[in-house]
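Student: Sequence:
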Amino acid sequence: MADIIQLLPDHVANQIAAGEVVQRPASVVKELLENAIDAEATSINLLIKDAGKTLIQVSDNGKGMSETDARLSFERHATSKIKLAEDLFQLKTKGFRGEALASIAAIAHVDLKSKQPEAELGTEIKINGSKVELQEPCVTPTGTVVSVKNLFFNIPARRNFLKSNSVETRHIIDEFQRVALAHPQIAFSLHHNGSEIFQLPATNFRQRIVNIFGGKTNEKLVPVQEETEIAKVEGFVGKPEFAKKSKGEQFFFVNNRFIKSPYLNHAVTAAFEGLLKDKSYPSYFLYLDIDPKRIDINIHPTKTEIKFDDEHSLYAILRSAIKHSLGQFNVAPVLDFERDSNLDTPYDYKEKPISNPTIEVDRNFNPFESEQNFSKREKNTSGGKSFSSSFPKKNEGSWEALYTTGFENEKETDFANIEFESEEVTGKLFEDDKKSESANTFQLQKKYIISSLKSGLLVIDQHRAHTRILYEELLKSITVTAAISQQLLFPLVLQFSKQETAMLSELKESLEQTGFLFSRIEEHEIEIKGIPNLISESEVSILIEQLLADFENEIPESGFKQTDLLAKSLAKSMAIKTGAVLDTVEQIAIVNGLFACKEPNVTPSNRKIFTTLSVGDLEKKLM
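Here our numbering = 1-based position in the sequence shown + 2.
To be clear, the hints were calculated from the coordinates, so they are not data collected in a lab.
Hints are not guaranteed to be accurate.
Unchecked claim - Straight-line distance between alpha carbons at most 20 Å, and here's what the computed SDA-like set of lysine to any residue pairs gives: (1) Lys510 to Glu547; (2) Lys579 to Ser607; (3) Lys241 to Ser543; (4) Lys531 to Ile544; (5) Lys531 to Val495; (6) Lys51 to Ser168; (7) Lys579 to Ile471; (8) Lys478 to Glu511; (9) Lys51 to Ser191; (10) Lys579 to Ser543; (11) Lys449 to Glu588.
Kindly produce the complete structure, drawing on both the sequences and the hints.
Tutor: Right, dumping it as structure tokens:
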């Protein structure tokens, strides 16, 4: 039998590796930025076009590469980071696998220019789908410029799997922020389609956070610092009152490398126990400095997952450090047994003489005396003090007249001339035009609406039912007719990050169809002058935060998917919650509104809204 196993050609192997290494344009951005950092650059510029599909260019002022290194960098498994297997546990740099540049060159047009400080000329290399088309000396500034054009040009199937430009841009911005936060001492800039997105100068960690997420972020940060034999922890956590509905602002950095760790995230959440609202997530920016021998990074191509040799100790250190910071800066509530100084007696009271209180009494006052005699006597009262009332009294005569007044002088009354009303008539100031409807519904546990049917009982989840009603109304408002908006007396100003305001700018037109009116949308804040009739002013910030959280999690493309997700998110936030007390009229309105919907059976997220209990089911339960 003939041999059937054969070695793959290098360009095919590189294309296969690209499936793991280069998942989307953001993966290329991450690799090129980390290479620039390893080159000891102090200024890095990122330029993208069409969300990285057309062009990704990273230029730095680092130490550059020689002609040989520039050529070898595109070979498979070529790296300067490791020579022995033991070096894997002593890594201090970013990349080390030696697969990224070779994979990128296999699925794109790559142009590299690099020059070392001591060299007179640099090197230019052009690669087209793993084929080196050009390698020659060139004039270029010190550092390296890498241009990646037409990503996935030779793999159309992979290109079709890419999302819309807005979605891919968000992923690129996420990767850019992670790298920029890990290295505040390096200046970064990001330009997309000719417009500046970020311009970050070299600064400290706190200022870097403020430059990325807006000026209002500074007041939300609580510093965290702890140093032990196992790890050194420093960074910032957000105050509990500023917790968001999304997990966007949560960053872990281990040895200046961004990581994802659900276990450590639970440690942070545990430190905020009792301080957060329901379904709220705290923001944190935490650096962990650990001995490289204690961690293993080489478990995933993206290098965002790390294994620790002692996770439990790290969990306890992180939790206690955050708790200590929250208590130190009076964020967490503490028991205070100190005496309140406001309750102390002032010192000057001991020097004041003691005096008995005086009471002035008019000993000549007679309540049964007539007003006329009293006024005469009052004039003769010594001291000139007046005890008379300032309000004139009607002279009723002496007090005996109260008891001598009888029927002696009255004439006989002819009772035959007196007419009586046949019936007592009572009126109302406001006549209620509404006729009392027969109460055929009632509320159970402030969660369910129970209504009677011919065949049994109807049990409706009030929150899910109202969500379905609002969803169809909002979908109609966005796509067909604009909803009614109520003007605010004072415009509402809300603070958001640059990425969030960019997302709101994309959704502005659709939100205005639902009833929102925006005065302005700037880099870090928005101003709202009108809101839908169904919500109050206090609910606006919560509703928009929930909306942004939903869009960050799902990241829909433009078109109906975006409109549908907008209607779903707004309906879920605006619907009445479990625990709301409803009167009979409101219960009937929800029941009627639900069965007027096109799909009353399920919620927009395909959850069951109501169920029925037949008489037969009840009889079975009572047997």
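Student: Are the Cα positions of lysine 531 and isoleucine 544 separated by 20 Å at most?
Tutor: Cα-Cα ~17 Å, so holds.
Student: Quickly compare the C-alpha distance for lysine 241 and serine 543 to 20 Å and report which way the hint goes.
Tutor: holds, 17 Å
Student: Under the criterion that the straight-line Cα-Cα distance not exceed 20 Å, is the pair lysine 51, serine 191 satisfied?
Tutor: holds, 14 Å
Student: Does glutamate 588 sit within 20 Å of lysine 449, going by the straight-line distance between their CA atoms?
Tutor: The given pair, whose Cα atoms are some 13 Å apart, holds under the 20 Å limit.
Student: When you check the alpha-carbon spacing of lysine 579 and serine 543, does it fall within 20 Å?
Tutor: holds, 17 Å
Student: Checking one constraint from the list: CA of lysine 51 to CA of serine 168, max 20 Å. Satisfied?
Tutor: Roughly 12 Å separates the two Cα atoms, so the pair holds.
Student: Decide if the proposed pair is consistent with the structure: lysine 478 and glutamate 511, CA atoms, cutoff 20 Å inclusive.
Tutor: holds, 14 Å
Student: Given the hint that lysine 579 pairs with isoleucine 471, does the C-alpha gap stay at or below 20 Å?
Tutor: Judged against 20 Å, a Cα distance of about 14 Å means the pair holds.
Student: Next pair to validate is lysine 579 with serine 607; report whether the Cα-Cα distance is within 20 Å.
Tutor: Given that 20 Å is the threshold and the Cα spacing comes to 16 Å, the pair holds.
Student: For the pair supplied as a hint, lysine 510 and glutamate 547, is the alpha-carbon distance within the 20 Å limit?
Tutor: Holds. Lysine 510 to glutamate 547 sits at ~15 Å (cutoff 20 Å).
Student: For the pair we were handed, lysine 531 and valine 495, check the Cα-Cα distance against 20 Å.
Tutor: Holds - the C-alpha atoms of valine 495 and lysine 531 are around 9 Å apart, at most 20 Å.
In the structure shown, no violation is registered for any of the earlier numbered hints.
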